[in-house]
Amino acid sequence: MYRVFLSWRFLRSRRTNLIGVFGIFLAVGALILILSIMTGFLEETRISARGSLSDIIITMPPYSDSRRPRDPAPVLELLRADERVAGASAHLGWMCILTRQDERSLRILVDSQMSEIAGIKLTGIDPATEDNATEFRPSLDRAGRNDDGEIEAPRVRVANLADPFAAPPEYDASVGRPRASVIVGEKVMTYHGLRRGSFITLMTAVPDPASDSGWSAKKREFVVAGCFRSGENEIDIERVYIDRGQLARFLSGVSEDDALPEDSIHFSEVLVKLKDYERDAKVAREAFGAQLFRAGLIDESCSIRTWEEFRKALIGAIENERVLMGIMLSLILVVAGFTIFAILSMMVTEKRRDIGVLTALGAPPQGVLVLFLLIGFWDALIGALLGAVAGTWMALEIDPLEQKLSETFGVQIFNREVYMFDSIPSVVTPLAVAAIVVGAFVCTLVFAAIPAWRAANLDPVEALRNE
Amino acid sequence: MSESGDFVLRARAIVKRFESGDSELEILHGIDLDLRAGERLALMGPSGAGKSTLLHVLGLLEHPTFGTVDLDGRDAWSLSTQERARLRNRYIGFVFQFYHLLPELDAVENVMLPAMIAQSRREFRLDRRAHLAKARDLLSNFGLAHRLKHRPAQLSGGERQRVALARALFLDPPLLIADEPTGNLDRDTGELVLDLIFRAQQERNLSLLLVTHDVRLAERCSRVLRLEAGSIVGAVSGRG
Ligand SMILES: Nc1ncnc2c1ncn2[C@@H]1O[C@H](COP(=O)(O)OP(=O)(O)OP(=O)(O)O)[C@@H](O)[C@H]1O
Ligand SMILES: [Mg+2]
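Protein sequences, first through last, are from chains A and B.
Its first residue numbered 1438, the first sequence is counted upward by one per residue in the numbering used here.
Its first residue numbered 744, the second sequence is counted upward by one per residue in the numbering used here.
Derived from the structure by calculation, the hints contain no laboratory data.
Keep in mind that a hint or two might mislead.
Unchecked claim - Counterexamples of contact, computed for chain A against chain B with all Cβ distances above 12 Å: (1) Leu1463; (2) Phe1636; (3) Leu1822; (4) Asp1896.
Unchecked claim - Okay, the calculated beta carbon distance ranges per label pair: (5) A:Leu1838 x B:Ala876: 52 to 58 Å; (6) A:Val1441 x B:Val758: 37 to 43 Å; (7) B:Gly900 x A:Ala1886: 52 to 58 Å; (8) A:Glu1480 x B:Asp870: 54 to 60 Å; (9) B:Arg868 x A:Glu1758: 33 to 39 Å; (10) A:Val1441 x B:Ala756: 39 to 45 Å; (11) A:Thr1453 x B:Leu768: 37 to 43 Å; (12) A:Glu1480 x B:Arg868: 45 to 51 Å; (13) A:Val1441 x B:Leu875: 14 to 20 Å; (14) A:Thr1453 x B:Arg829: 45 to 51 Å.
No residue lacks a Cβ here, since even glycine has one placed at the ideal position from N, Cα and C.
Isolated chain A, as found in the complex:
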């Protein structure tokens, strides 16, 4: 009885304990807040990485000497026949340089600091089958919307989502020859100062055995049909969608209206969406690889990966950062635990006489040990619970909180532009909160055990001897 009663009395009678409680409170709160944000970043990144990636990505470099079929039809047919597959679609990707008749293009080309947007990943897709395999259409629909999902800038959006590569309403067909449409990433649009209906010139090089260097340069003018927002900076800043047939024509150097030559490059990638990714991904990937290889549709130069494997470096880096951050922040817990150690040590010294009295009145050493451990326990209980509540609340309300702070101090604390997030991502995982609270308890009790042990082993006579 006396252990709980006295530990509570001792705790209340010593204001210094508040420091310990506050330390644990801060540590637990900060840990929860920061881990929630890190988890939020991770989730957000996974989601936006998904935005333009399919479940399974089969990379098939279009080398001229490969004996694989040039047309993706047999590959798509084989994949679509599988019952685990929800959809499959072929892509043709090609690096380009984007220019337009504007000072800005020159500035971008010479500016070493803007290297991130110097290159354009021109991505040829089949709009009809694309939806089954990727998040292409939703990314079109996100463009030009504000945080609340309302359309704010209708003139940057693709006019007809059902036929995205149709000429935009601003396009006057009478000027020069017909041009193929492209849909640019939202950031490409702003950095290059484009509008719907703008003309851009894309330049690149294609293999050409007839040329001395083995390559020949290609350039063509396109019209911007609108923009898309995948939500992932990396993609919105460099990707430009085009009809796969038109990209093949551009690379082969044939006109927009002409038929594709036999030997043109049709596709470089096949994207597969599964019905149940979590269940089938690993098995299906193996199976597809084996089947395609047996059918002679892929060779050693091809790779077949799940989207997570594709983004392994990025996801791994963030996950790694989260773990590191957790370890470093755990040091706060250690510091908080050390505060408890210091406070309890002071208390044991100060309470020597009382400990002697308790022993004389019949309290066994274990009782004294528990008594002082309990003081640490109350510190941890109050601190960790308050910290968990405050940390969770801050993690859930981080966005309005940050805005208020930013307004109050006139500094932008979290630059949303940098991270391409509309709001600060934060995900509170109950398990993580529980782990942090338990960690705080363990840490506090371990540190409290040392002074408690000292108290239990005090010589009562020594302690009682004199005033």
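Given the coordinates of chain A, work out where chain B with the ligands should sit on it, guided by the hints.
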């Protein structure tokens, strides 16, 4: 007083040595001491003779280097720490020169402390009313009815010692050990506290082991032992 052969306390050949640097200092040189139920024993002697040390050994606070202390018919120093703590709790009441009350607790709580230590949370809650009533009774008997909720810091020395006495008596131990209980009090207050101690001893038929420098006080005891330089040099039968 009691003619029964039952000893409340029986100590044999108590030797206590302290390590001091390389040398060993022998403070008690083999002391035998018996205490019957209801007996008042005064321990006198010059300062530094080892009186307090002897009380600590007999009160199970300090391990003797050699010798045995039988309490309640058991060899107390061969018991486990737990059992010895229990024995101290139930069997012995302590009154110290410097009161030694817990500053965080009020008078009633200080008095109930032995019961808090003896009982589990549940047991104590069941007996709480009885404990409270008993503590208030004891304190009222000692003239502290108006001081029940006061903290030690708000009490005078005499009042504190009376609270300490109530605490020592709370679990009705058969043995009361008091080390110069009036050493820190003025004459009149000391007189008052002593009267209370003797009255309680009589009413409860306690065995009292009292260390004092006061000859008149010793006269009120049934037996007086003189301790000098760690040996008992004389026993006098008093009037008490
Ligand atoms: N832990 C210890 N280490 C060394 N010497 C000690 C220790 N405790 C007590 N002593 C010595 O033992 C002797 C007896 O001490 P004790 O306190 O028993 O005397 P006392 O008879 O109670 O004296 P007083 O009347 O002044 O209270 C003293 O000389 C003291 O210095
Ligand atoms: Mg003494």
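Against which earlier hints does the structure fall short, listed by number upward? 4, 7, 9, 14
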